[in-house]
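A.B. asks: Sequence lines, in order, name chains A and B.
Taken in order, the first sequence gives residues 1 to 263; the numbers are from my numbering.
Taken in order, the second sequence gives residues 1 to 217; the numbers are from my numbering.
Take these hints with a grain of salt, some might be off.
The calculated lysine-lysine pairs, modelled on DSSO-like cross-linking and capped at a C-alpha distance of 27 Å, are [stated by the list, open to error]:
(1) K61/A to K207/B
(2) K61/A to K211/B
(3) K256/A to K211/B
(4) K207/B to K256/A
Worth flagging that the hints you see were computed from the coordinates, not collected in a lab.
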Amino acid sequence: MRLLVRSARNSLGGVTLAQATALVLPVVIVAQAQPSRYAILLVTALLSTLIWEAVFAALRKYPFSFHGLTTALIFVVMIPPTLPLWQLVLMLSLGVILGELIFGGRGYGFINPAVVALCLLVFSFPQVQLPPASQSLALAVVPGAVWLLLLGLISARVIAGTVLGIVGLMFLGGTGVHILTIGTALGFGLIFLICDPTGAAATNPGRWIYGVLAGGLIILFSGGQNPTADSVVFAAITASVFAPLIDHLVVLGHAKWRGVAHG
Amino acid sequence: MTSNLRHITDPLIQNNPITLQTLGICSALAVTTSLSTALVMSIALTVVLCLASALISLIRNHIPNVIRLIVQIIIIASLVIVIDEVLQAFAFEISRQLSIFVGLIVTNCLVLGRAEAFAMRNAVWPSMLDGLGNGIGYSLILIIVGSIRELLGAGSLLGYTVFISRADGGWFEPLGLMQLAPSAFFIIGLLIWAIRTHWTAQVAAPKFAIKTSRVPR
Numbered sequence: 001m002r003l004l005v006r007s008a009r010n011s012l013g014g015v016t017l018a019q020a021t022a023l024v025l026p027v028v029i030v031a032q033a034q035p036s037r038y039a040i041l042l043v044t045a046l047l048s049t050l051i052w053e054a055v056f057a058a059l060r061k062y063p064f065s066f067h068g069l070t071t072a073l074i075f076v077v078m079i080p081p082t083l084p085l086w087q088l089v090l091m092l093s094l095g096v097i098l099g100e101l102i103f104g105g106r107g108y109g110f111i112n113p114a115v116v117a118l119c120l121l122v123f124s125f126p127q128v129q130l131p132p133a134s135q136s137l138a139l140a141v142v143p144g145a146v147w148l149l150l151l152g153l154i155s156a157r158v159i160a161g162t163v164l165g166i167v168g169l170m171f172l173g174g175t176g177v178h179i180l181t182i183g184t185a186l187g188f189g190l191i192f193l194i195c196d197p198t199g200a201a202a203t204n205p206g207r208w209i210y211g212v213l214a215g216g217l218i219i220l221f222s223g224g225q226n227p228t229a230d231s232v233v234f235a236a237i238t239a240s241v242f243a244p245l246i247d248h249l250v251v252l253g254h255a256k257w258r259g260v261a262h263g
Numbered sequence: 001m002t003s004n005l006r007h008i009t010d011p012l013i014q015n016n017p018i019t020l021q022t023l024g025i026c027s028a029l030a031v032t033t034s035l036s037t038a039l040v041m042s043i044a045l046t047v048v049l050c051l052a053s054a055l056i057s058l059i060r061n062h063i064p065n066v067i068r069l070i071v072q073i074i075i076i077a078s079l080v081i082v083i084d085e086v087l088q089a090f091a092f093e094i095s096r097q098l099s100i101f102v103g104l105i106v107t108n109c110l111v112l113g114r115a116e117a118f119a120m121r122n123a124v125w126p127s128m129l130d131g132l133g134n135g136i137g138y139s140l141i142l143i144i145v146g147s148i149r150e151l152l153g154a155g156s157l158l159g160y161t162v163f164i165s166r167a168d169g170g171w172f173e174p175l176g177l178m179q180l181a182p183s184a185f186f187i188i189g190l191l192i193w194a195i196r197t198h199w200t201a202q203v204a205a206p207k208f209a210i211k212t213s214r215v216p217r
């Protein structure tokens, strides 16, 4: 087990593999309602992300990777199954290029390409409504979440911070807090959008701040009510934009504290 | 003459005010939702830039150095007021759409930038050409961005329908994103990317380099 964890952590391909493993169950749960439609969506999504990956690998002369895999899977879980294929291809292409490949591939950017694609989709086509997450989807996320936590790819601090932000703001707002409803609406987005290792903050105090910020934004964007799919997506992208700043400030603060204590 | 002509041709791509110097981005985002507003804004800015450069260059030896910015701004602001009045008189609808952005030409970094960097040190004719060239370079980007945004966001160009939208029985589905300011950022960013891929001399040196190091196992 330790060897597996270590090898998965030490290679970028391993990160993608681990995330993809965690995504299998949610994809299956979502797809079982309309298997043939989801098969078409999945193949199209995978082709569009992986083709761009190949194009950039050829243009910039680095080895081909399968990072587009997780982007495509996350995107397909979040979208309505009725989405026209050309919209899927267009938005996923823009998301992968502008959110990841333009920076040099996974790990070099600062936002999750699936989040970018979803944001562009909701902005571009106002008639598209992201479907609310089902209870079975939230349950299907749990094993994957445990797996990713074990591998150290997502941080428990971000999860705790986000929940704290949501519950705290709802409590302050005087809305009734139903943990189950929140968990259902939040589960998938929290693990795969907000906790994304490239999008989240990377310092430990920064992870708390990032989580609380994301949680607060979710409640703000859903108007004080229970989280909606849109609000989770927009909170994820906004918090990701702030993550590098949060990390920077944490590092500065740490250096200053060290200077005072030991200087 | 060829040396003077360079003042017009250089700012088109090689030294473009928007894509290389990243000046005047604010108005490039705000007025490019349709081609007509982009065109009118381009003309207004080019006229102001040309005349301001010429006027400032004309009196450059008489401007006391300590108050030169004030003098420059006064000249630019007077010209902008004239242009604004002309637009309100002859193109009221467009002027209403451009709202404050004609007035904001006063604070457009491009106009003041050319006055400071060029007109204060050069004769009238080259200054005017420099203003014209930079104006055209700015206009070029505005027109490209405006065309793309109007075509994809509304399916029309200059108000004439090019693609019939699905609501009217056609096939085209307008991209709502194109009507929002971020799309102008994306388009300008992609333009800069394309230009710098072709003219690699424009690529800025990276602020941070990625170090390769071995992580101890």
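A.B. asks: All hints are to be evaluated individually against the structure, with a verdict given for each.
C.D. replies: Taking the hints in turn, this is what the structure says about them:
1. Between K61/A and K207/B the alpha-carbon distance is near 22 Å, which keeps this suggested pair within the 27 Å criterion.
2. Simply put, K61/A and K211/B have alpha-carbon atoms about 18 Å apart, close enough for the 27 Å limit, and the pair holds.
3. Restraint check for K256/A and K211/B: satisfied, since their Cα atoms lie roughly 25 Å apart, inside the 27 Å limit.
4. A C-alpha spacing of about 24 Å is found between K207/B and K256/A, which places the hinted pair at or below 27 Å, so the restraint holds.
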